[in-house]
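**Student:** Those sequence lines, one after another, are chains A and B. Position 139 of the first sequence, counted from 1, bears residue number 139 in the numbering used here, the numbering being contiguous throughout. Position 40 of the second sequence, counted from 1, bears residue number 40 in the numbering used here, the numbering being contiguous throughout.
In case anyone wonders, no lab produced these hints; they're calculated from the structure. Everything numeric in this text was worked out from a predicted model, so none of it was measured. For each residue, glycine too, the CB sits at the ideal point set by N, CA and C.
List time: in silico SDA-like cross-link candidates among lysine to any residue, alpha-carbon distance up to 25 Å: (1) A:K41 to B:E333; (2) A:K110 to B:D86; (3) B:K41 to A:H317; (4) B:K22 to A:I255; (5) B:K90 to A:N83.
Reference listing, derived: stretches of chain B covered by chain A, where coverage requires no fewer than 3 residues with Cβ under 8 Å from a Cβ of chain A: (6) 220-230; (7) 312-324.
Protein chains: 2
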Amino acid sequence: MIYADYNGSSPLLPEVSEYLTKRIHSHLFANPNAIHSMGQKINMGIEKCREMISQVVGCHPDQIIFNSGSSEGIANIFHSILNLKDQTKKKIIISPIEHAAVMNAALYYKEEWAYELIFTPITEDGVIDTKKVEELILKNQTELAMICIMSANNESGVIQPIDKIVPLAQKFNIPFFSDTTQTIGKHAFHFEKSGVDYAVVSSHKLGALVGAGFIIAKNPVTIKSLVFGGGQERGLRGGTQNYLGIETMAIALKIFSERTSQLLQLKLARENFEQEIKKLCPEVVIFGEKADRLAGTTLLSFPGIHGQAVQIELESHDIFATTSAACSDNQPETSKVLLSMGVPDDIGRGVIRLSLSFSQGQKEYSSLAHALKSAYTKLSKIKSY
Amino acid sequence: MIYADYNGSSPLLPEVSEYLTKRIHSHLFANPNAIHSMGQKINMGIEKCREMISQVVGCHPDQIIFNSGSSEGIANIFHSILNLKDQTKKKIIISPIEHAAVMNAALYYKEEWAYELIFTPITEDGVIDTKKVEELILKNQTELAMICIMSANNESGVIQPIDKIVPLAQKFNIPFFSDTTQTIGKHAFHFEKSGVDYAVVSSHKLGALVGAGFIIAKNPVTIKSLVFGGGQERGLRGGTQNYLGIETMAIALKIFSERTSQLLQLKLARENFEQEIKKLCPEVVIFGEKADRLAGTTLLSFPGIHGQAVQIELESHDIFATTSAACSDNQPETSKVLLSMGVPDDIGRGVIRLSLSFSQGQKEYSSLAHALKSAYTKLSKIKSY
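Extracted from the complex, chain A is given alone in its bound form:
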C-alpha cells in the first residue's frame, strides 16, 4: 500500500503510534487545569511540548496558542484582525489560491463586515506575482487591514515567495497572515525569520493525532478569543487543552526536524518520477513545474482523461491519492487554484494529486510511475471526455 495523500492528511507517524500505545495505558488522564498532581503533570507536559515545538518552528513558546487545528486558527486570526469596532482599514490583499478555510473566512468578512478583497495575480506556474503584489500594497497601503498569502499551496505544492512581500508589509505595519498548514512539519519554516505575524498548524497534517493545532502569533495579545472557555492558553483560547494532541504534535515535529535532510532525497526522487511520466506521456501537464514546490507534491493532468478515473486505477494498485484538495474532491469542475493559474477545463478535469512525505522516496515513486503508466495505457484508449 502506498499512501499518497499527505497534503490531505498524514497517517500517524510510527513514533507517534508507539508513543500513543504506551500513553493510553499510562492512566495519566486528567484536566490539565486541575490542582491535583495528575493535572499538574499533564500541564507541565503541555508546557514542555510548547517549548519543544517552539524550537522546531522558530518562535518563542509564548507565541504558540494551542487550538483544534488550522481551520479554527484561521477563523481566529481573521476574527482578531477584522472583528474590531475600531478597524477603519477595510481592504485585504489575498491570494486567489488560498485553501477554502481561508477563502471562506475572507468571504464572510467581505459579506458581513464589508471588507474588500483584493486578489493577487498568479502566474501560470501557480506563484503569486510578487511585483504586482508590491504594487497593490503601495497603492492601498493606508487602507489595508491585512495581507493573506499561504506559504505553500495544498493542491500544486507551489511554495509562495512570501519573503519577498513581508518586508513591504512590515514597512507599512500591515498584519501578514500566512497559512502554513502545508509547510510547518513538511518543509523548512522558521517563524521568526519568515517575518509573518500569524501562522497556523494542523496536527493531522504532521502525523500527530487529528483534532489539534496551534496559532503562532508574533504578538499574542493581538489574538482575540474566538472560543472563550475558562481562561486557558493565557486567556487567548479557552477549553480544556487537547493534551494528547499537543503531546503527539511535539513528537511529530521533533521527528520532522531530525529528518529534514530526507526532503532533498524526496525532491530528487519526485523530479525523476516527473521526468519518467513526461517520457510516458509527453502531453502530461505538471502544474507549477518550473516553480519551487513542496518536496513530495506533484499535481498532474493527462489531458482528456478524467482525474477520478486515474485515481480509481491507482487505487486498484493499492495507491491512495486524490484528484484535488479533499474539500473539493466531490466537485467535478476545475479547482479555483487551477482557474487562477489559467488552466483550461479539459486539463483541469484531468487532475490527480500525488503528495508524499519525508518518510517516502524512490521506492514509492517507482511504484507510482509503474501504476500511472498502467493507468495511462488503459485509460488513454478510452478517453473519458
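Add chain B to chain A, keeping to what the hints say.
**Tutor:** What follows is chain B alone, placed relative to chain A:
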C-alpha cells in the same frame, strides 16, 4: 488510586483504551473528505458514530454538529444567536452559576454587543428559582434573545429544573440553550424530550479522547459557522473532522447507555458516604444537599479548614480531587457558584469537590470516607483560618 475528579475530566474508559490500542495499529488514517476508499471508510465511520450518538442522546443524526468540545460549542451557539445584524432582542436570561465558558461568552456579548444579562435567582441549595425565572420571562419576553441555563452544575452537581422553564420559552419562541456538558454521558438526558434548542458535549468528560465534542441543535440551520474551514459538517463547522475523537465518543456514550442502571447504585453509595461524613463532622456543609444532584458529585466544606489542605491530604491517600472547577482552582476565593448560593467566605474557602463516575461506587466511597476522616482529624487540630 482513586480518581475523584470526573466533573473536571474523565480518564479514558477501559473500552475506549482497548479500542484505541487496536485503532492506532489499523493504519486507517486519512482525510474523511478524500475521495479514495480510505477517506470514504473513515467518513462512513463518522456517519455511523453520528447515528449511534443520536440514539443515546435522543436526537436526529442531522442535529449533531461535531466540533472540538463544549467551549467551542458554547461560543458557536452564542455567535449563532447573538452575532446577527438583525437581532433586535437584546436581553439574555442566564443563571449566575454557569460554567466560565458560558459566562465568558455572555460577558463578551454584553461588552461588545450591548446585550443585557438578566441573572436568575438561585436558592441556597444551588437550584434556579423557577418561579422567579418564569416571572423574568413573562416580564421580558418580547426582548429576550435567549435563555441560558445549564442542565447540571459542574461544582455542586445540582441538576437544574430546566424542564420547568422550557415550556414558557417555547411558548414565546425564545431560543433555549442548556450547557449539558455535565449531564450527557453522566446522567439521563434526552435531547428531544428536554425541549431545549441547543446542547453541547465535550469528549473528555465522557471518557473519550480529549479534543472533540458536538453541538446538538434542534434546528441545525440556525447554526452560523464560527470555524469556516472547507464546508465540513454540512457547512456548519469547517475543519477536518476529529474522527478518532468522534469514534471514541460513540463508544463512550454507548457504554454509558448500557450502564445507566449503575447510576442509582452510585447515588445510594454517595448518600451513605455523605451521612457518614456528617457523623464524623456535624458542621460539615454539603452544598445542594437537599437538591437533586448528579449521582456521583459531592461538594462539601469543613468550615475553617482550607479546601486545598484537604485536597493535599486526600492526595497523600492516592485520591485525586479538586477544590472547585478546574478553571478556578488556582483562585483561593469562594467560587461564583457558591456566592450565588449565598455561601459565606469561611465556608466557601473550605470547599472540596468529589466527583465519581458510574464505573465507581461503594468501594471508592468507603476509601474516600476513610481518607476524609483522617484528613479531618489531622487538619481540625490546626485550622488554617
